[in-house]
Amino acid sequence: MLKIKCPYCGYRNESEFSCGGEAHIARPAVSNKITDSAFCEYLFMRENPKGVFLERWCHTSGCRRWFNIARDTVSHEIYEIYLMGNTPKTVKGKKAYQANWRRTSKAEAASKTPKRTKK
Amino acid sequence: MRHMQSHRLETNNGTSINRKKPVHFKFDRKEFTGFEGETLASALLAHGVHLVGRSFKYHRPRGIFGIGSEEPNALVRVIKGASAEPNLKATQIEIYDGLIAESQNRFPNLKFDILSINNLFSHFFPAGFYYKTFMWPSSFWMLYEKFIRRAAGLGKISKKHLEQNRYEHKYFHCELLIIGGGAAGLQAASIAAQTGVRVIIADEQHELGGWLLTDNNFNIDEKPALNWVRDTVEKLKSAPNVTCLNRTTVFANMDDNFTIMAERVTEHLSRPFAHLPKQRLWKIRATKIILATGAIERPLVFSGNDLPGIMLSSAIRSYIKRYDVLPGTRAIIFTNNDDAYFTALAIYEAGGFVRCIVDLRENPKSQIITTIRKLGINVKTGHAVIAAHGSRHISSVDIAAYDSEAQAPLSSISHMDCNLLAMSGGLNPVVHLHSQRKGKLIWDERTLCYRPDNRSDEWISVGSANGTFQLKKALNEATKKTTITISKLLKENKKSKIQKNNSVPNSEEKQQNWAPTPAWLIQSAQPHISNKTAFVDFQNDSTALDIKLAVREGFHSIEHVKRYTTTGMATDQGKTSNVNAIGILAGSLKKSIAQTGITTFRPPYTPTSLGVIAGRNIGNLFDPLRKTRIHSWHQSNGAKFEHVGQWARAWYYPQEGESFHQAVTREVYATRNYAGVLDASTLGKIEVKGPDSAEFLDRVYTNEFSNLAIGKAKYGLMLKEDGMVFDDGVTTRLAEDHFFMTTTTGGAAGVLGWLEELLQTEWRDLKVYLTSVTEQWSVASLSGPNSRAILEACLGKDNNIMHDFPFMTMKNSFINGIPARIFRISFTGEMAFEINVPARYGLALWSHLMQIGEEFKLTAYGTEAMHVLRAEKGFIIVGQETDGSVTPYDLGMNWIVSKKKSDFIGKRALERGSMDEPQRKQLVGLLTTDPQKVIPEGAHAVLNPNQEAPMEMLGHVSSSYYSPNLKHSIALALLKGGSNRKGQTVYIPMLDGQEPIEAKIVEPIFFDKKGDRLRG
Amino acid sequence: MAENISRAAFGSAAFEKRRLPIIKKPENIEVAQIELSEILHLGKLNIRCNSIYRDKVSKLIQCDLPLEPNYMSNKAGRFAISLGPDEYLILAEPGGENQLEKILNSSNIAKHISVVNVSDAFCAILLSGKKVREFLSKGCPIDLDPNSFQENQSVQCDIALANVILLCLEENEFICICRTSFANYLLDWCCDAGQEFGILVTKGI
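Protein chains in written order, with the numbering used here: chain A, 5 to 123; chain B, 1032 to 2047; chain C, 9 to 213.
Hints may be right or wrong, so weigh each one.
[What the hints assert, rightly or not] Interface residues of chain A toward chain C, partial, derived using beta-carbon atoms under 8 Å:
1) Gly-14
2) Asn-17
3) Ser-65
4) Gly-66
5) Cys-67
6) Arg-69
These are computed hints drawn from the structure, not numbers from a lab. C-beta: ideal position from N, C-alpha, C; glycine also.
Model the full assembly from the supplied sequences, consistent with the hints where possible.
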């Protein structure tokens, strides 16, 4: 069982957390029309790398806050824990972030300029 | 009749037994007496009993072989009251008065086992036998399986097994966990003890000391070795920062030093204390781990090496030294190293006759060999035991000059009789816990063993576990590594300091030559015959021949050979077998051992009972059962409960003599015609506060909430991003920036989690706070034509709110002095009010309602009646009409999907082309042709009941009830293209040759289609 | 008016349905080493506010919101417990929660914070005795060593299968706050786990 350092509560057992899967999946705004296939990339496609993976975790049994982890899927080593809204700072984390195909995906481009639903 | 302890020595030197306390026990219904402090194995050997089991596959007679958890053969069943625990190792069971143990895997008894016929046909059971034989035809598997099930399997639990034992869990945190209480472990612990860090030292045996309990005729720190052990243990036990545990096996070493160990707390007692558990599972988070797990002796692989009377050399020495038991009187020693000479000496000193020492080495030289020769013991160097003979016990061996490299005898064979054979093939460090963490192993050519690579500084191996077999060096290593480890720890923790120069205890143990000669397989001149009974893995009955066969059949990777031959698998985890198997494989592949590699050891290190893994998570503690504040009323009014999520909800309230159906019918009828009340406290409730609350709700619901007036309520449907229905409920605007949301009972935690996720990850700019208030409010849902009158009566002088209380609004008031939020909303289709009060008043409100309601014929109804009432109205239940693949359009709820809003969760997904597919399953109503026939929920509908299988399925029935108000069976179903099938007839085929049920597709609403009653 | 009505104390009357006191102990132990009782009618407020408004809230409720997570502060019998970076639980004397709610909601920062009365959603259990840490360690994965979990520290964690907030008052005295619907389960668990040391469950105060 991993020991995970919640940015607010400190080190706790993995069993107190829930893993929310891949991090940094930007939600395309509906108003920025994208094709079905570009939308489905956002909705269905998930990375499953061997090596560094950026993922979201929530401290479910504790403070219920979400945060990001850069974790090695082979060794389980955690390279970095960083807050929501941030991108990784470590060399390994940065590389994983930049190398992800999403950075150039249409869905991510369509996530810009979030709009209020009613105006 | 009690049996004689024929093999117990007179000498009374045994360090582990208490002669003053005889212990009586039974084995296979015979009565025996042993002494306090010894194991079942030792006590049986004291009576000359070697044969204790039959082997797994061939049912060969097997005897006690080792001394501890490495024992592969002596697996027995212990019976206590109504429970029987199988597969316990006789070498680990401490005897107590009244112990009842039985041998296993034999029928009808140990000496005459019917299935030992497998032994005669052993050539039918080679490696991969099951894979090959039962592959084809597959339909025969059913037949084979019965045979295999009976023949195979290890041990049986009692047929009337009733687990009455108590098992507990315990969490613990420490800076240093030391696994193993031998010389190295004790030394590590005594250094750590002085530093004030939290230390646990755990040892598998019932006393600490490890091999020092056996080999101790020298001084450590100027005092007899045993005294050093006792003093050290005493010191550790009195140190406040040290937890010193015996009878405790660390069986799993997991990520970030999370280790699990099982402590046998009262298992060894004849009358355990009732308040203490049989075993305790410790879940430990250790900052650092020191592995001082010692080493296990390797057997030698030759024909007949599994006969009872053939034992590990070190085990024999331990039985003599610790328990005063000489397992045989005429002994032969077979070795490739020096250590076995100490066993010869022990046998000699105990009065046994050492017939001969057979040493594979050509010309070994050391002090102990000289000593042995001086005693006049016959030493044959460059020789090997080629085969052992005997029927149920060893009676003689074949000895010949032997070429280890060529693996062939060099001379003709000479026979020698004996009743004990000690074998010693070198030592295997216990690397299991290192390997479980994916720690790599290094092949050491000099000591011929796999030892840890010592790459990690989270877990550190010392002493024999690290391949450092000499005591002096082991103590030195333990001292140094512990000092370094603790220095690092203290640096991290900035606690007290450690002495840099901890002195190493001076041990005066006699030097041994720890360089065995390689000997993985001893073959006769006809290896194809001798290899057949040359056992590598005793527990899995795999032989040298099996490994060679696997190689011939193309299995070259050690991982494949392991699985194909089952060597090193199962409960044994290759403790004695692994390295020999690798050696034989390497020889067959003409590779080095290092090139051949080693398999990964997996947890648990030793078999662990399911009871201790479950702990107290059993019975009423298995899963929390959540109860509302009104629960006691339901209970005393005879309610039957159903579990929704973790909640206990009142299901129906049968009156005397009423069936389920009658009770539900009465409750439904009463609610439609007079009034009913439901405990709706379990509904999820969330306070939504903050300036962006309305915007947030607009984004998570399909319909619009920003246009909701204060004091008004609205039904909302929530989708996930894939456009599928996720939850529903009514949300009320309490203020401009304040909403009160309700969710389904089962979905409450999931909805809150999902909304929090959106706020924290997706829309971090929105200023909204969510607080769960599910338990803050008790809710009585009052419904039916009389509900208005009842509420008015309850409100008394506060009833002015009733003058203007339209459908889908909310009012604050007092009921009998209790502050209440009252919502006029309805899930039954009747005029209805949901009365929310702070939970502490829940029961008071309920009782008051029942009292006032009496004259209005108010009836309490349960969840089943609620289901019927809402189905009559065609209201969906999320999770019943939906299953994660249903859109609002499929439910015919297009009206709830806003066209105005530019975005909401699920909007884009609903715009996908496939969402308009006319053949999607859509919600319809079904009316059966026979009004009395109720369709089973989950049944499938077809158009043509006479079609050959596989029939074309149209969809399934999601809800189905008998409606007492319509006097007709009704159902809701999701059918392909259902919305265009109104008026069609479908058939629901039934099991067991019953006639299909015929039904007509109708609108999914059966009662008060205009909703007049609702708005009243 | 409302005060005249008997108030269901413990979550779903977990205590009321049992005959108190409950004593479970082995014969060889004379006095129960774990004592458990409910703290009745304790006012509980959930406050959400970000750090900008923290000082203002502290002033209004006359009790400092802790700066660090996993800590609580206590002043004049009121406790402020940190539940996360922007979430706090206030424990107040019975009825005090209404007063605090009014003060906060009528203040000029009311728009920016959220104040929710959760007095009835949670129950508070007082646990004490010299074996209390050992007892809790049977179900609580947190490091309960007296040097690691000290006075004025708080933690949100699980005890067996119930999610709780655990507050350390003194070396051998804790308050355990759990959802009322889990109270029955938690009480069952406590009675079971406490057997070894002897456990005494008494009527709340």
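Point to revise | Hints that the structure is at odds with (numbers, increasing) | key: none
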